[in-house]
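Residue numbers (my numbering), protein chains in the order written: chain A, 125 to 449; chain B, 393 to 652.
Everything labelled a hint here was simulated from the structure, so no lab data went into it.
You may find that some hints are simply not true.
What the hints assert, rightly or not - Covered stretches of chain A (in silico footprint by chain B; criterion: 3 or more residues with CB under 8 Å from a CB of chain B, positions within the stretch not fixed):
(1) 151-158
(2) 213-222
(3) 235-245
(4) 269-278
(5) 288-302
(6) 438-448
Virtual Cβ for every residue (Gly too), placed ideally from N, Cα, C.
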Amino acid sequence: MPGTLWAIAEAGPDGHLTKLSAEVATLVRGLGAAAGRDVAGVVVGTPDAVAALAGELAAYLPRVVAVEAAAAATSPIAALAAQGALQAMGADPNASIFMGNFPDGRDTAGLLMAALGVGVISNAGGVTWNSGPVAEKGVFGGRLVTTSSFADGHGIVTVPLGSVPAEAAASAGVVETIVLVGAAPAVTVLERVSEAAGAVQIEEAKVIVSGGRGVGGPEGFAILDSLAEALGGAVGASRAAVDAGWIPYSRQVGQTGKIVKPEVYIALGISGAVQHKVGMQGAHTIVAVNTDPDAPIAEFADLFVIGNLFEVVPALVAELAARKA
Amino acid sequence: MKIVILAKPVPDATGQERLGPDLRLDRVAIPPVINGNDEYVLEAALRLRDAGAEVSITLLAMAGAFGPDALRKGLAMGADNAYLVSDAALAGSDARATVRVLAAALAKLEFDLVLAGVDSSDGGGGVVAAALASMSGLPYLSYATSIAPDGGRIRIKRFSATGYDVLEAPMPALVTGMQALGEPRYPTLRGIMGARSKTITTWTLADLGIDPASVGADAAASRVSTFSIPDARSAARVVKDPAPEAAKQIVDFLIERRAI
């Protein structure tokens, strides 16, 4: 029996389907059309929230299983998502399963790998179909692109942000609702703390204004805020700025932070170490401002401004305001 | 408290990594180090000890002949001993096989807590720890930015999109952690000297009761078929003008690229 292609979706901090989940669902729909396979989505959430989420996911897929899990209020979502996906999928030994390559998606992928005994291709930026998923992924910080496939034609694939644009289907799909069964999770969420309420999430931002060591301190990030506001973007940071405690870890771009793929990435006072490059080289346009003409970032920026960010950024904010007027 | 650290020897990310003829990472060509995220959790364990807790720290790795060199550094940082699963049949193993091996190794060890980095700098899949917790029947707490054992329970802060979640579970448990745990210490000279007399026990697949046919390249679930070198970005346009003029050029450039 040819397996179904499944997309596992997740909610963002605002309670809506994440952009990445919409992209994964779009990817799966396209692969299903290419492969002549059935496609479906799964989303797990609290009984009062999951219906709306499933409705959002059904804009992208012909069939969505909404899994009601009361425990989602008090447990990490990945364990419930894995359990819910297994329940929704039933016996589907040739299924391939796709999810976002963010923390919850990666946790879900690992739990499903153990439960199903199948392989995982992770961080697959370009997925096509040839008797099974064929995945292109960047390795060694993007210096090489490899092509991988599953030995037996099916498995689990985690997909990074921005691999396909999210695009709704011509008509909305049907939603089935099931109730999660199984043992209570061992891990409890005692508290959820928001350090950046209301701030634009860097993963979702079209424009990211990012600061590094050259920003000099927490007060330096205030002028980055003004530029991000002028451009409708979010503020990011390099590891050096986060390690120095100038800005929360949730803002870090790079190998040990977030991998982002915005339209515009403005790097201010960031030297451009490999660690950082890995996180932002997928940006469509990269502008860097640095006092050091030999900063490594000059090698992968599209526009490299040799100058002092404390002079250039206010001038840029003023120039944007003048053009808008 | 007994802590096991999953410490993966990885090639030093010097930008010299390359693929071998089998299109897998050439692990022999590059000097190995302990995976960065694994060093953060080792540091977290050492800080529990610094804070006065009675903590024994065991490193566990699956690696080739180069494994002991990397583990020696973890011992020099302050870990007490190490177990290395090393067997020629393991070459080319994927995440699925790695989990099988580590689960069998954990079953031979006593522990309250297993700590691992959230992912490795070479494979980077970030799926082994979750699968291992599942196979070993351990509560799984991931993406920790702080780790606090309290009696028989473990409490962590888990990095979230907007801040953090506070998670709690009974021990034994498996926790993954990351950079936000704090900068790993450098080994002291005394630590380096002391590490020489610490024990690294090597286990083969036979010691773990694992069928060699179930691991290694032939048993891998996925295959790499080709590789290519991506197109480089074209050279940057360079602006050296004073700020007001530079600002104009940035805006013009963004408009030209239809970026704003």
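Hints, verified against the model:
no.: 1; hint: 151-158; result: violated (count 0)
no.: 2; hint: 213-222; result: violated (count 0)
no.: 3; hint: 235-245; result: holds (count 9)
no.: 4; hint: 269-278; result: holds (count 8)
no.: 5; hint: 288-302; result: violated (count 0)
no.: 6; hint: 438-448; result: holds (count 7)
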